[in-house]
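Trainee: Residue strings, one per chain:
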Amino acid sequence: MGKYIEMIRIRFLMMLAYRTNYYSGILIYSINIGAYYFLWSAIYGGKENIQGLSITQMTTYIAVAWMARAFYFNNIDREIAMEIKEGKVAIEMVRPYPYLNMKMMQGLGEGIFRLLFFSVPGMVIVALVFPVELSANAGTWIYFFISIGFSFIINTQINLLAGIATFFLFNNDGLIRAKRVVIDLFSGLILPLSFYPMWAQNIMSYLPFQGISYIPSMIFTEGFKGSQVFEALINQAVWSAILIIPVYVLWILAKRQLVVQGG
Amino acid sequence: MEYLSIFFQYAGQYLKTRLTYRADMVVEIFSDFLFQAVNLVFILVVFGHTTLLAGWSKDEMIFIYGFFLVPFAIFSSFFNIWDFTDRYIVKGEMDRILTRPVHSLFQIVLERMELESLFGAVTGLIVMFYAGGKLGLEISWYDPFIFLLLVIGGALVYAGIFISLATIGFWSDSRTDIMPMMYNIGNYGRYPVDIYNKIIKYVLTWILPFAFVGVYPASYFLERKEWYTYAFLTPVVGLVFFMIAVTLWNVGVTKYRGAGN
Chain A
1 MGKYIEMIRI RFLMMLAYRT NYYSGILIYS INIGAYYFLW SAIYGGKENI
51 QGLSITQMTT YIAVAWMARA FYFNNIDREI AMEIKEGKVA IEMVRPYPYL
101 NMKMMQGLGE GIFRLLFFSV PGMVIVALVF PVELSANAGT WIYFFISIGF
151 SFIINTQINL LAGIATFFLF NNDGLIRAKR VVIDLFSGLI LPLSFYPMWA
201 QNIMSYLPFQ GISYIPSMIF TEGFKGSQVF EALINQAVWS AILIIPVYVL
251 WILAKRQLVV QGG
Chain B
1001 MEYLSIFFQY AGQYLKTRLT YRADMVVEIF SDFLFQAVNL VFILVVFGHT
1051 TLLAGWSKDE MIFIYGFFLV PFAIFSSFFN IWDFTDRYIV KGEMDRILTR
1101 PVHSLFQIVL ERMELESLFG AVTGLIVMFY AGGKLGLEIS WYDPFIFLLL
1151 VIGGALVYAG IFISLATIGF WSDSRTDIMP MMYNIGNYGR YPVDIYNKII
1201 KYVLTWILPF AFVGVYPASY FLERKEWYTY AFLTPVVGLV FFMIAVTLWN
1251 VGVTKYRGAG N
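Here the protein sequences come in this chain order: A and B. Throughout the first sequence, residue numbering follows our numbering, covering 1 to 263 in sequence. Throughout the second sequence, residue numbering follows our numbering, covering 1001 to 1261 in sequence.
Derived by calculation from the structure, the hints in this document are not laboratory data. Fair warning: there could be bad hints in the mix.
As the list claims (entries may be wrong) - Which bits of chain B does chain A cover? Going by a derived footprint, with three or more residues having C-beta under 8 Å, they are:
hint	stretch
1	1028 to 1035
2	1046 to 1053
3	1178 to 1189
4	1193 to 1201
Claimed, not checked - Here are the simulated lysine-lysine pairs, DSS-like style, with alpha carbons at most 30 Å apart:
hint	chain 1	residue 1	chain 2	residue 2
5	B	K1091	A	K85
6	B	K1201	A	K47
7	B	K1134	B	K1225
8	A	K47	B	K1058
9	A	K179	B	K1058
10	B	K1016	A	K179
11	A	K88	B	K1016
12	B	K1016	A	K85
13	B	K1091	A	K179
14	B	K1091	B	K1016
15	B	K1134	A	K47
16	A	K85	A	K3
17	A	K3	A	K255
18	B	K1058	B	K1198
19	B	K1225	B	K1058
20	A	K47	B	K1198
21	B	K1201	B	K1058
22	A	K88	B	K1091
All residues carry an ideal CB built from backbone N, CA and C; glycine is no exception.
Model the full assembly from the supplied sequences, consistent with the hints where possible.
Mentor: Right under this line is the structure:
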């Protein structure tokens, strides 16, 4: 356990060294959320609500979806692909800790850093400028934080899968990009899933992607009520557990497949 | 002339390296299509809940998107400098670039081209013809030439903005996450700018002029006469921003002091 905390800490400190750049990032994020706000105002065009979300809830949804993304998002799929291509993975694999766990912890260190230095100040600024509604209910906040914890796990597992695929494909920039598109679309980052036509919603309800963005954002905006919140959290927990299986199976296969070209 | 022949030689080499990993290339082209589909899906889903967006219909929005794809495809084929700081400054690769006999920016364009992105232009044209057909737009003999001019203008706008941002690397080599977000902001130029408030409209027109890659030039083909002035400003804005970027680049190169190895 101690070694994992150390990994998180080191990645956190590494990010801290570059923190000044994150302030410019906050400005850009705010412009982004601002533009979305006006776009959605135009889409609502005076309508009270669409699919049960008011324009204020929609703005909050967009703001929190992007801020939560800063926490769960990481590039460990690219990092793994890079280490495989450069042959570094051979060294990493003889170290006295599981490679995948280490990658996950590094991602977590990065996520915690962005949550504290990016999402929190960013959310404060956005809440001052745009009509964002922050819940006064302590329960909502607790469920939201549990939920983004699961978001991180699910997103990271998918990233690990995409990264490990490099063992078989050697060059998988294409796959990594395709994965990003699928997540943007099916996770509810750019559109709440309830906006999609029914048939599409049915398909998405069988996929793990809604657990990445849609569920935490809906909890935060209180678009989910009562038992819906618990059902959503259970859905995330179940997917977090299920996804362990393909990650491990692929990893075992990959180790047999390993070809190191130089390094 | 010499530049042209170097360009084609690099392009030839590029195709060879790409064809080595065929499976990946197919996935990449496919993922590009997906990428373009995401935005189309956004438009379609949104118009499932409304009929007009600030006076613009669904087909008009789709047409603007189709137009946008063409300059964007050209930009992303030749100006992959979003990771310039990491790739060239931090790792000291810029040293090598500066020893080459062609202009340093041109050398980077050569090394980083991604010709498969040009498929995006094909998608764009298909989308435009589909939406244009539904809108009953007519094509005059001079339209293809104007189209070409506006596309080049749009691509230069994109290139100008991203090159300017990349030059920050000459002054400060620390990591920034601005570039990926900039791609997002670029998307807002595709929506009718009158939906935004004054500040964002101003930013999208004169500071980060992404509106000149989407709604302004496309409004010429959609016969939105109120935007014609802006539409014809596209090549001018493109040239101005590109020249600013090249100037910044040339000044920046003199500030470059090598790093890494």
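Trainee: If a hint holds in the structure, say so; if it doesn't, say that too.
Mentor: Here is what the structure says about each hint:
1. 1028 to 1035: Check passed, 7 qualifying residues.
2. 1046 to 1053: That given contact holds, which follows from 6 residues of the stretch 1046 to 1053 of chain B lying within Cβ reach (below 8 Å) of chain A.
3. 1178 to 1189: holds (count 6)
4. 1193 to 1201: holds (count 4)
5. B:K1091 to A:K85: holds, 17 Å
6. B:K1201 to A:K47: Distance ~23 Å between K1201 of chain B and K47 of chain A Cα, so the pair holds.
7. B:K1134 to B:K1225: Roughly 20 Å between the alpha carbons, so the hint for K1134 of chain B and K1225 of chain B holds.
8. A:K47 to B:K1058: holds, 18 Å
9. A:K179 to B:K1058: It holds: about 28 Å lies between the C-alpha atoms, which stays within 30 Å.
10. B:K1016 to A:K179: holds, 26 Å
11. A:K88 to B:K1016: holds, 26 Å
12. B:K1016 to A:K85: holds, 19 Å
13. B:K1091 to A:K179: Holds. K1091 of chain B to K179 of chain A sits at ~28 Å (cutoff 30 Å).
14. B:K1091 to B:K1016: Judged against 30 Å, a Cα distance of about 26 Å means the pair holds.
15. B:K1134 to A:K47: holds, 27 Å
16. A:K85 to A:K3: With a Cα-Cα distance of about 26 Å, the restraint between K85 of chain A and K3 of chain A holds, given a limit of 30 Å.
17. A:K3 to A:K255: Holds. K3 of chain A to K255 of chain A sits at ~23 Å (cutoff 30 Å).
18. B:K1058 to B:K1198: holds, 24 Å
19. B:K1225 to B:K1058: Answer holds: K1225 of chain B to K1058 of chain B is near 19 Å, not above 30 Å.
20. A:K47 to B:K1198: Judged against 30 Å, a Cα distance of about 23 Å means the pair holds.
21. B:K1201 to B:K1058: holds, 21 Å
22. A:K88 to B:K1091: It holds: about 17 Å lies between the C-alpha atoms, which stays within 30 Å.
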